[in-house]
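So you can see what is in the structure, the chains are spelled out below.
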Amino acid sequence: MSLDKEKIKHVAKLARISVDEAKVDSLTKDLNSIFKFIEQLNELNTDKVEPLTSILNQSLRSRKDEISDGKIREKILKNSPKKNEEFFVVPKVVE
Amino acid sequence: MSNITNQSLSEILKSIKSKKISSLELTQEYIKNIENAKKLNAFVTTTFDKALENAKKFDNKPNNEQLLSGIPLAVKDLFCTENVKTTAGSNILNNFVPSYESTVTKNLWNNGAFLLGKLNCDEFAMGSSNETSFFGNVINPIGDHLVPGGSSGGSSSALAADLTPATIGTDTGGSIRQPASFTGTVGLKPTYGLCSRWGIVAFASSLDQAGPMTKTVNDCSIMLEAMSGFDDKDSTSINKKKESYSKNLKDNIKGLKIGIPKEYRVDNMPKEIDELWEKGKKILKDLGAQLIDISLPHTKYALPTYYIVAPAEASSNLARYDGVRYGYRSQKGKDLIEMYENTRSEGFGDEVKRRILIGTYVLSSGYYDAYYLKAQKVRQLIKKDFDDSFTKVDAILTPSTPSSAFKIGEKTNDPVSMYLNDIFTVPVNLAGLPALSLPAGLDKQGYPLGLQLIGKALDEQKILNIGYAFEKNCGYKNEIKKWWS
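Heads up: the sequence lines are chains Y and W, in that order.
Residue 95, in my numbering, is where the first sequence stops; the numbers in between run on with no holes.
Residue 485, in my numbering, is where the second sequence stops; the numbers in between run on with no holes.
Where hints are given, some of them may not hold.
[Unchecked claim] Heads up, simulated DSBU-like pairs for lysine-lysine below, C-alpha to C-alpha not over 30 Å straight-line:
{"hint": "1", "chain 1": "W", "residue 1": "K19", "chain 2": "W", "residue 2": "K411"}
{"hint": "2", "chain 1": "W", "residue 1": "K85", "chain 2": "Y", "residue 2": "K83"}
{"hint": "3", "chain 1": "Y", "residue 1": "K71", "chain 2": "W", "residue 2": "K19"}
{"hint": "4", "chain 1": "Y", "residue 1": "K13", "chain 2": "W", "residue 2": "K332"}
{"hint": "5", "chain 1": "Y", "residue 1": "K29", "chain 2": "W", "residue 2": "K411"}
{"hint": "6", "chain 1": "W", "residue 1": "K477", "chain 2": "Y", "residue 2": "K23"}
{"hint": "7", "chain 1": "W", "residue 1": "K411", "chain 2": "Y", "residue 2": "K75"}
[What the hints assert, rightly or not] Chain Y side only, calculated, beta carbon under 8 Å to chain W, not exhaustive:
{"hint": "8", "residue": "A22"}
{"hint": "9", "residue": "V24"}
{"hint": "10", "residue": "T28"}
{"hint": "11", "residue": "D30"}
{"hint": "12", "residue": "S33"}
{"hint": "13", "residue": "L44"}
{"hint": "14", "residue": "E50"}
{"hint": "15", "residue": "T53"}
{"hint": "16", "residue": "R61"}
{"hint": "17", "residue": "I67"}
{"hint": "18", "residue": "G70"}
{"hint": "19", "residue": "K71"}
[As the list claims (entries may be wrong)] Each pair of labels, with its calculated beta carbon distance range:
{"hint": "20", "chain 1": "W", "residue 1": "K50", "chain 2": "Y", "residue 2": "N42", "range": "52 to 58 Å"}
{"hint": "21", "chain 1": "W", "residue 1": "N83", "chain 2": "Y", "residue 2": "A22", "range": "36 to 42 Å"}
{"hint": "22", "chain 1": "Y", "residue 1": "S33", "chain 2": "W", "residue 2": "G136", "range": "24 to 30 Å"}
{"hint": "23", "chain 1": "Y", "residue 1": "I72", "chain 2": "W", "residue 2": "E479", "range": "23 to 29 Å"}
{"hint": "24", "chain 1": "Y", "residue 1": "N57", "chain 2": "W", "residue 2": "K332", "range": "47 to 53 Å"}
{"hint": "25", "chain 1": "W", "residue 1": "K32", "chain 2": "Y", "residue 2": "E74", "range": "20 to 26 Å"}
{"hint": "26", "chain 1": "Y", "residue 1": "H10", "chain 2": "W", "residue 2": "D387", "range": "35 to 41 Å"}
{"hint": "27", "chain 1": "W", "residue 1": "R265", "chain 2": "Y", "residue 2": "H10", "range": "38 to 44 Å"}
{"hint": "28", "chain 1": "Y", "residue 1": "E74", "chain 2": "W", "residue 2": "K407", "range": "20 to 26 Å"}
{"hint": "29", "chain 1": "Y", "residue 1": "K92", "chain 2": "W", "residue 2": "D49", "range": "40 to 46 Å"}
{"hint": "30", "chain 1": "Y", "residue 1": "N42", "chain 2": "W", "residue 2": "G136", "range": "19 to 25 Å"}
{"hint": "31", "chain 1": "Y", "residue 1": "L77", "chain 2": "W", "residue 2": "N239", "range": "33 to 39 Å"}
{"hint": "32", "chain 1": "Y", "residue 1": "N42", "chain 2": "W", "residue 2": "K39", "range": "28 to 34 Å"}
{"hint": "33", "chain 1": "W", "residue 1": "K39", "chain 2": "Y", "residue 2": "N84", "range": "50 to 56 Å"}
FYI, nobody ran anything at the bench for these hints, they're computed from the structure.
Built from N, CA and C at the ideal position, the CB exists for glycine as well.
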C-alpha cells in the first residue's frame, strides 16, 4: 500500500504534530520507502504464530498498594514551562 | 602519569588504589582532555566543578573497596541525573533538569564513581550516526570526516578519545554495539531486564537496555557488575542474585561451542568483513572452541519487524512531551491542541517525527493487525530461531556491523540505508539477548571493525569470557592520533 499526503496529515493530527506544508512531499517519499521496506513481512505466513508480547519468562510483578512518596509538588512543578504555585498552566480550554 | 588517560579502567583503578595518582589528579587530566577536544562535540553538558569536589572528597577519605573507587565518568545524556540537565539530544528537553537520579547511574555512584559530564547522542536515541542530535553531530576520533556511530555516539567518541575512562550507553537496536564497533572499543548490550530502565529517557520500552562501553573486556565486566541489579522501580527488572563478572572472568574457552549463522553473510558486504569474521573464527578455534554452522532463518525480517515495534512503542512513549509538565513549549497556537501540535513540531527533530508518525500509523485503527500484530508474530519467530540454536551452541559469533564508520552526511538523505546499519545488531534486541561487540581489526582504510558475540539470556559471563580470551589473542590495538587537540 502507499501513503498519500492526506493520510500523512491525518496521522500527524493523531500524533499531535503539525506538519509544515513544504515538508509534506519529502515526508511522504521517506515514509513510503520505509513502509515498502517494512512490508517484506508480508512474505511470511504467520497464521499459526502466537504474537510475542513479552520476552521475559515472567509476568509483571504486583506490589502492595501503598503510598511510597508524596509532598513533592515543588519538584514536580519545577520543570514546567508555565505554572502557578500549585498547578500546571495551559491555554484556556473552556470558553 | 601524563599518559594515565590512555590506560584502561582497570589499570587506572590500580593506580588509584595504590595511590600512584589521586582522584583529583585523575579528574584534572580528564578535564584537560575534554577541554582540548571540543571539536569532537562529544559532550552536551560538563559537570567539572562537581567532579572536582567529588574527587577531593574521595581523596580525603578514600574507600578502595568499591568497584569504581574515585573514578570520574561521563554518561550518555539519556540517563536522568539529579540536578544536572538531561536532554536526550532533543530540543524538547533542552531545559529539563531532573529531580531524581536513574537507577543505573545511582548504582555507579554507589560504587565510588562520580559524574564528569553528559554525552551527546542521537535525539531520543533514534539514529545510527549521532547526526540526529539537536546539539549537532559528534565526530569520530578515528577521522574528522567520520561518524562515531549511534545512538551512543558521544559515548563512543569520548571513550576512544580518552575523555572518560569508561562510559555507559543504551542499546535499543544496536546503539551500544555499532558505535563501539565504529571506534574500536568494547560495547555490551546486556540481557533485557538485567539493568534497570528506571530514570532512562524511554525510546522503545520492550527493547531498551543500558550497558557498558569500555576499552577492554575486563573493564566491561567491572562496569556491568557496577551498573546491573534488580530494581523494584522497573517492572521488567529481573530479580536474581548479583554476579561478580570481573572476579569470575576467565580466558579458558576450551570445548565451548560457537555457532556461525549463515544468514549473517549479506549481499554487498565488504570482503574485509568476511575476512574479519574468518579471522575471529580461527582465533576461537585455535583456543579450543568448536565451530558449529547454524541457521537463524528469520534474520532478514528482523529489521522490518524492528521498524514497526520500535516506532510503535516510541510513539506511545513520546506522547508525554506535551509542553505542559516539562520541556519545551511553543508560544504559537490559539488553543490547547495547537499548542501541543506546535510544541511537538518545533521540539522534535525530523527523524523523531518520522518515527512517531510510523508508530502512530501502525497502531491506528484498521492497521494494527496488518502491522503491529504481524510484527509481534515475526518477533516470536526471530526469538524461536535463537532458542533453537542455543540448544546446540554456547554462543554465536557474527560481524557487529555491515561496514566500518561512514562519512558524515553520507546516509542522512536515505532513512532505509541508515537503518540497514543495524542489520546484525537488531535481532538480539528483539530476542532480549546479551551481545558483546569486540574490536577485531581494521579495514583497508584503517578504520576499526568489530565482531559480535551473542549469548543466551543472562549468560553475560560466558560471552565476556569468550571476549576476554579473544581479546588476548586478537592483537588489536586502538592507536588514535589526537588530531583534534
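Against the structure, the hints:
1. Restraint check for K19 (chain W) and K411 (chain W): not satisfied, since their Cα atoms lie roughly 48 Å apart, outside the 30 Å limit.
2. About 20 Å separates the Cα atoms of K85 (chain W) and K83 (chain Y), which keeps this hinted pair within 30 Å; it holds.
3. Distance hint between K71 (chain Y) and K19 (chain W) is unfulfilled; the C-alpha atoms sit about 44 Å from each other, more than 30 Å.
4. With a CA separation close to 17 Å, the supplied pair K13 (chain Y) and K332 (chain W) stays within the 30 Å bound.
5. A C-alpha spacing of about 16 Å is found between K29 (chain Y) and K411 (chain W), which places the hinted pair at or below 30 Å, so the restraint holds.
6. Distance hint between K477 (chain W) and K23 (chain Y) is unfulfilled; the C-alpha atoms sit about 46 Å from each other, more than 30 Å.
7. Taking the CA atoms of K411 (chain W) and K75 (chain Y), the gap is about 42 Å. The hint is violated against a cut of 30 Å.
8. Taking 8 Å as the C-beta contact cut-off toward chain W, the hint placing A22 (chain Y) at the interface is violated, the least distance being around 13 Å.
9. A cut of 8 Å between beta carbons decides the hint on V24 (chain Y): the least distance to chain W is about 11 Å, and the hint is violated.
10. The beta carbon of T28 (chain Y) comes no nearer than 11 Å to any beta carbon in chain W, farther than 8 Å, and the hint placing it at the interface is violated.
11. Interface hint at D30 (chain Y): satisfied, since its Cβ lies 6 Å from the closest Cβ of chain W, which is below the 8 Å cut-off.
12. Checking S33 (chain Y) against chain W by beta carbon gives a least distance of about 5 Å; that is within 8 Å, so the hint holds.
13. Against a cut-off of 8 Å between C-beta atoms, the interface hint on L44 (chain Y) holds, since the closest Cβ of chain W lies about 6 Å away.
14. With a cut of 8 Å, the hint placing E50 (chain Y) at the interface with chain W holds, because the nearest CB-to-CB distance is about 6 Å.
15. The interface hint given for T53 (chain Y) holds, since its Cβ lies 7 Å from the closest Cβ of chain W, which is under the 8 Å cut-off.
16. With a cut of 8 Å, the hint placing R61 (chain Y) at the interface with chain W holds, because the nearest CB-to-CB distance is about 6 Å.
17. The interface hint given for I67 (chain Y) is broken, as the beta carbon of that residue sits about 15 Å from the closest beta carbon of chain W, more than 8 Å.
18. With 8 Å as the threshold, the beta carbon of G70 (chain Y) stays out of range of chain W, its nearest partner Cβ sitting at about 14 Å, so the hint is violated.
19. Interface hint status for K71 (chain Y): violated, as the beta-carbon distance to the closest one in chain W is roughly 13 Å, over 8 Å.
20. About 53 Å separates the C-beta atoms of K50 (chain W) and N42 (chain Y), a value consistent with the hinted range of 52 to 58 Å.
21. At about 40 Å, the beta-carbon gap between N83 (chain W) and A22 (chain Y) stays in the expected band of 36 to 42 Å.
22. A hinted range of 24 to 30 Å for the beta carbons of S33 (chain Y) and G136 (chain W) is consistent with their spacing of about 26 Å.
23. The hinted window of 23 to 29 Å between I72 (chain Y) and E479 (chain W) is violated, with their beta carbons roughly 50 Å apart.
24. Range check, N57 (chain Y) to K332 (chain W): about 49 Å between beta-carbon atoms, so the 47 to 53 Å window is met.
25. Between K32 (chain W) and E74 (chain Y) the CB atoms are about 38 Å apart, so this pair departs from the stated range of 20 to 26 Å.
26. The given range of 35 to 41 Å is respected by H10 (chain Y) and D387 (chain W), whose C-beta atoms sit roughly 40 Å from each other.
27. Between R265 (chain W) and H10 (chain Y) the CB atoms are about 42 Å apart, so this pair conforms to the stated range of 38 to 44 Å.
28. E74 (chain Y) and K407 (chain W) have their C-beta atoms about 48 Å apart, which leaves the hinted 20 to 26 Å range violated.
29. For the hinted restraint 40 to 46 Å between K92 (chain Y) and D49 (chain W), the CB-CB distance of approximately 43 Å keeps it satisfied.
30. The beta-carbon spacing between N42 (chain Y) and G136 (chain W), approximately 39 Å, falls outside the hinted interval of 19 to 25 Å.
31. Checked against the given bound of 33 to 39 Å, the beta carbons of L77 (chain Y) and N239 (chain W), roughly 34 Å apart, stay inside it.
32. At about 47 Å, the CB distance of N42 (chain Y) to K39 (chain W) disagrees with the hint of 28 to 34 Å.
33. In this structure the supplied range 50 to 56 Å is violated for K39 (chain W) paired with N84 (chain Y), their Cβ-Cβ distance being about 44 Å.
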